[in-house]
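Chemist: Chains A and B supply the protein sequences, listed in that same order. With the numbering used here as the guide, the letters of the first sequence map in order to residues 106 to 480. With the numbering used here as the guide, the letters of the second sequence map in order to residues 24 to 155.
Don't read these hints as lab results, they were simulated from the structure.
With a straight-line Cα cutoff of 20 Å, these simulated SDA-like cross-link-like pairs (lysine to any residue) come out: (1) Lys44(B) / Ala116(A); (2) Lys461(A) / Ala146(B); (3) Lys461(A) / Val149(B); (4) Lys44(B) / Thr122(A); (5) Lys44(B) / Gly115(A); (6) Lys44(B) / Glu118(A); (7) Lys461(A) / Gln142(B); (8) Lys461(A) / Gly52(B); (9) Lys461(A) / Thr54(B); (10) Lys44(B) / Gln111(A); (11) Lys44(B) / Asp114(A); (12) Lys127(A) / Gly208(A); (13) Lys461(A) / Met49(B).
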Amino acid sequence: MSTIGQAFDGALEGLRTRYLAKLGEVAAEFDKLIAFCDLDALTPEIAAAAAGLAHRLVGSGQTLGFPDISRDAAVLETVLAADPPQPAVIAKAAKQLLAACRGYIQAGPPPVSSAPPPVTAPVITDAVEPPPLAGPSLIAIHADPLMGRLLEDVFASHAHITMFASIADAVAPAYPAGLLIVDLDSPGSQPNMLGDLRAKPGLAELPILAMTAQRKSAAVARAIMGTQLEALLKPVTPIELDARANAALQRRRLSVVIGDDDRIVRELLKARFETQGYQIHLAHDGEDVMTLARAHLPSIIILDREMPKIEGVKVLGMLKADPATQHIPVIMLTSKGQAAEISEGRKAGAADYIVKPFAPDQVLARASQILGLPG
Amino acid sequence: MTHPLHILCVDDEEDIQEVVKLCLEMAGGFTIDTCTGGAEALAYLTHARPDLILLDVMMPGMDGPATFAAMKARGMDIPVVFMTARVRGAEVSQYLDMGAVGVIPKPFDPVSLANEVQQLWSASLVKPPGPA
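Only chain A is shown next, with the shape it has when bound in the complex (with noise of 0.2 Å):
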């Protein structure tokens, strides 16, 4: 199954690079726009015209693996919108759409998203051992001084809380953290930013739980997507914010064993599950789940029903069989929805079957659900 992901990644990489070459072509249209701004000759049919490029661009930009394009073409797109039409501020939003072109001709096509990580990497450490959930430890970016009060009479009882004015700012405390909490619409704290955020040493794994008031689930959607976070939509109540920070603490001790011979599938539920705070251990057969469940002993394990080596239904029996591992709830994948295999898989053991394609969230929720956890 690998070999279509690595044809899949393939072609997805050609199409970046052909994208890339189109932005050459683009950035000239834009170049063309300021100038007309800067002249203060632009037309109702140029300023059109370039919205209908922006608005394109939009759309395809981050689906091709170029956010700020998508990003910066809609600011564009907004103030070409704008009646009547004012030259400097869209000359600005062009130029910045334009250094956007720029830097990703001059970067070169990203890495595929979906591509996996090196065989030998790690993929979360059993390392550090987290906070007691007496005792959490958080850091919140905000710069609301409402939110400030928020965030005391929820926390400061029963947790360590870090704040932060700024994404700039924050940095990783000295103790382990486990979540981090950020306001969205904080003017240091923009959705575009959290990527820095992630880069920055010792918070690139924590979960994010983010706050906004943005109810355009598109808006959302695409901050969620880009950066893999949760998001919390405002008013926030503290007792909203209060569960969904205990639920995720409570993830961060949580492991799981997905085992899946297709590597979409893997990195699809990876990607998903590390957004919780799950620690992951990949398993590309039947053999690698029996290692990594006896060796981690995980709070849950995702199991494919058709895999080399040892199939799944023939796993889960062992699971079963064995004493150090019957009790971990195993989740079947599988690709064929026949009741009689249901009710194969249930008979031996299953505590759930879920039949692909599969939405990655569906996998989660019912993994939270069989583990107790709220949400």
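Since the structure of chain A is provided, determine the placement of chain B on it from the hints.
Modeler: Just chain B now, with coordinates in the frame of chain A:
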């Protein structure tokens, strides 16, 4: 279902067409045909019946909603999912009111597109297309 899902993607942008084709064929195992505009799609639909149509909203000539209206006028009751950038809540409800089975905002995530399409298609079996 005895055959892989057969999807028609209508989009004037070659990059989007190709990335959709790639995602749905390789990650989803679906069969994909593409058209670059509304008129071409209507001509295609006289001799083929895909399971679902991914329809771009903003296209030169006949745009997505006009294409959808023309399909309905010709009695073609194939589930339609609109794809559009900068989608707003009001727009989404407008498309759903027209009888679309869903709206996929652009930019979309190439890795999860196949799942999203599969789910919208499954949902369309429960809720027949076309306004009530």
